[in-house]
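Chains as they are written, first to last, in the working numbering: chain A, 1061 to 1254; chain B, 1061 to 1254; chain C, 1061 to 1254; chain D, 1061 to 1254.
Calculated from the structure, these hints are not laboratory results.
Mixed in with the good hints, there may be bad ones.
Given that identical chains are not distinguished, each listed pair holds provided it fits within a single copy or across any two copies.
The calculated BS3-like cross-link candidates involving lysine-lysine, where the alpha carbons are at most 25 Å apart (straight line), are [said to hold, decoys possible]:
hint, residue 1, residue 2
1, Lys1134, Lys1254
2, Lys1082, Lys1233
3, Lys1082, Lys1205
4, Lys1103, Lys1082
5, Lys1233, Lys1103
6, Lys1254, Lys1082
7, Lys1205, Lys1254
8, Lys1082, Lys1134
9, Lys1254, Lys1103
Number of protein chains: 4
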Amino acid sequence: MVWWGHRAHGDVADEVVERVAKRVWEGMGLIVLHSAHFSKIFKRLMGSPCALNWREAGERERLWVVNPGHPIAKGLPAHFELENEEMYGEPFSVPEPLETVFVSWFQGGEIFRSGLTYRRGAGNVFYFRPGHETYPTYYDEMIGKVLRNAVNWAYNPNRYPNITEAPNVPVDKALEPIVARGEGLHSAGEEGFK
Amino acid sequence: MVWWGHRAHGDVADEVVERVAKRVWEGMGLIVLHSAHFSKIFKRLMGSPCALNWREAGERERLWVVNPGHPIAKGLPAHFELENEEMYGEPFSVPEPLETVFVSWFQGGEIFRSGLTYRRGAGNVFYFRPGHETYPTYYDEMIGKVLRNAVNWAYNPNRYPNITEAPNVPVDKALEPIVARGEGLHSAGEEGFK
Amino acid sequence: MVWWGHRAHGDVADEVVERVAKRVWEGMGLIVLHSAHFSKIFKRLMGSPCALNWREAGERERLWVVNPGHPIAKGLPAHFELENEEMYGEPFSVPEPLETVFVSWFQGGEIFRSGLTYRRGAGNVFYFRPGHETYPTYYDEMIGKVLRNAVNWAYNPNRYPNITEAPNVPVDKALEPIVARGEGLHSAGEEGFK
Amino acid sequence: MVWWGHRAHGDVADEVVERVAKRVWEGMGLIVLHSAHFSKIFKRLMGSPCALNWREAGERERLWVVNPGHPIAKGLPAHFELENEEMYGEPFSVPEPLETVFVSWFQGGEIFRSGLTYRRGAGNVFYFRPGHETYPTYYDEMIGKVLRNAVNWAYNPNRYPNITEAPNVPVDKALEPIVARGEGLHSAGEEGFK
């Protein structure tokens, strides 16, 4: 699933957000674009503010590949430019990623970690910075390559519905023979507290 | 802040959870114990289900230090035992940690990543598995050492109130001289969309 | 490349090790098996001792999948057993991995992080614990699945020969116009110090 | 230990490098500065080429704190400048760090991950980019703060001499009672193969 949003983040119902989060945990890949850093679903999966500095001046952005062997960087040059983009500046208050793929240079003096990978439950998540709606970013050939690579990287045909479950393993079904000892809180077969 | 809870996870008001999360992002350390894996605050900060398998049989747990140089393992032996504990088994659906400090062996045949570190915003987070309320776990000398080490590791006297803010950087205040180009979405001084 | 070795680690020429390391950095995947934790090539790529505790008693090992969504765990059950294996115990002195895929339980009371992923240069590296030569481990169906998954995960058809180079970028070829200022150590076009 | 070197990397004896590496694994902190990215000891501990692009033009570097809660960033502003520095550009072929603390912006159009943390064995390792010998970098107040913070972060008063050892655990000393089964490769009490 590819998610972009801006003005209407607040209009997305919380139930929809929970449904998408559950599907990501179960294995669905998620690509989060540009201003969707403040989408409910991204903040939900990151567990952090996802804030940043910004400026809308149509300035030059240069993306550098810092992880050339990563599948999302396949076929890209060492760096490429977007002549007009909105600036996003650090600190970007997201968790430390699994891997940093891109870092951006901005004409006005800022930098930004522009391509970050995460896993949440069984789902692959990729945040990609470029994409302001008043510039032709999504028509750029390199951006197209990144998006196609990201979709291929994030996609997982399998589904892991058990990932949200916390089953009790009965004593008499333990993999190694054991006997119950001491005092218990739960009666046999009881569900845990969520 | 040290957080333990079990039966009453659902009674904690969402507003309290959001307030604690904000304070963690601003730099407050958080130690999450045992059944608090399902607390609202831990699930909020992890952005994942935090589910696991479990069994209440008072079986033997042996904790192994897999990261002996980590501050949280200071002064501990290579391994130590809790003769009676509740079993928690993998998969534990949390994000890949910054570092894994402990892994547990259980008599009934399971293993569990029992000590995991995270950072969310500016706040250090440590999850520690042992602690079932029907066993004397918190009177164990080694458990006491881990908790004291964890508090020292997580504590940060500084506060980072800006971590949740997304300020606009005006074009005429850019660190390098630039001029605005192209079409804008926001008028000057306007706030971003959250 | 799949690497297994035991008695003859010391007989592998250092030049061969350097050649394999260079090819990994340039993008070749490397799967390191069992006793090859002490192979020259693995120690070279990890930059750490790669030591562990061990016991040869033909005891039961149970591998748990702690990262079910990882490509290397595709098609595997939640856990599987090897009735007779050599024990490897923590601490395993390797760097914190990108991701932990498997953790093993041993009958004699130890645990081990049995499946760990790394990237070195552009090359994917996977360490996998099982495989002692006096037991029929490599005939096990689950082990076969893991190895096939690992090869597919590690394989990268592209090559990155520049990854070991440190080119000088001349001032007059800078991407943004600058003029040289201050005193220099190198004359123009000179190579750096390695 | 703080390590800086440039012209004479090759003159450092391999035995010295191995001795320092062993001491790091045993818990000694190591701060690696600027051109020491190509020092033997840093390459040894990283297991990767540690290459980068460079230019000596006395250009402006601006360091951004991307991880404000990290102990190494304590007391620093959101960004600070070095008016004249050598440029280092990505890709920097080092392993994915535990945490990225600083990212640099360069006047000529490049970026660089300037502050990176690692652990090797029990030893904390911090790489910090600035420091060219023809500029007064080490007299800068902010640089001084970073170095003091880094020394405090890396320092560990404890020593872990066992980290390089691979002891055999005899069957009759197993933590859980087991009996040896199947065929063995080693006779009792024999050392492993290194």
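Hints, verified against the model:
no. : hint               : in the structure
1   : Lys1134 to Lys1254 : neither (43 Å within a copy, 29 Å between copies)
2   : Lys1082 to Lys1233 : neither (29 Å within a copy, 42 Å between copies)
3   : Lys1082 to Lys1205 : neither (28 Å within a copy, 28 Å between copies)
4   : Lys1103 to Lys1082 : both (14 Å within a copy, 13 Å between copies)
5   : Lys1233 to Lys1103 : neither (39 Å within a copy, 29 Å between copies)
6   : Lys1254 to Lys1082 : both (16 Å within a copy, 22 Å between copies)
7   : Lys1205 to Lys1254 : neither (43 Å within a copy, 29 Å between copies)
8   : Lys1082 to Lys1134 : between (29 Å within a copy, 20 Å between copies)
9   : Lys1254 to Lys1103 : both (22 Å within a copy, 11 Å between copies)
Hints 1, 2, 3, 5 and 7 from the earlier list are contradicted by this structure; the remaining hints agree with it.
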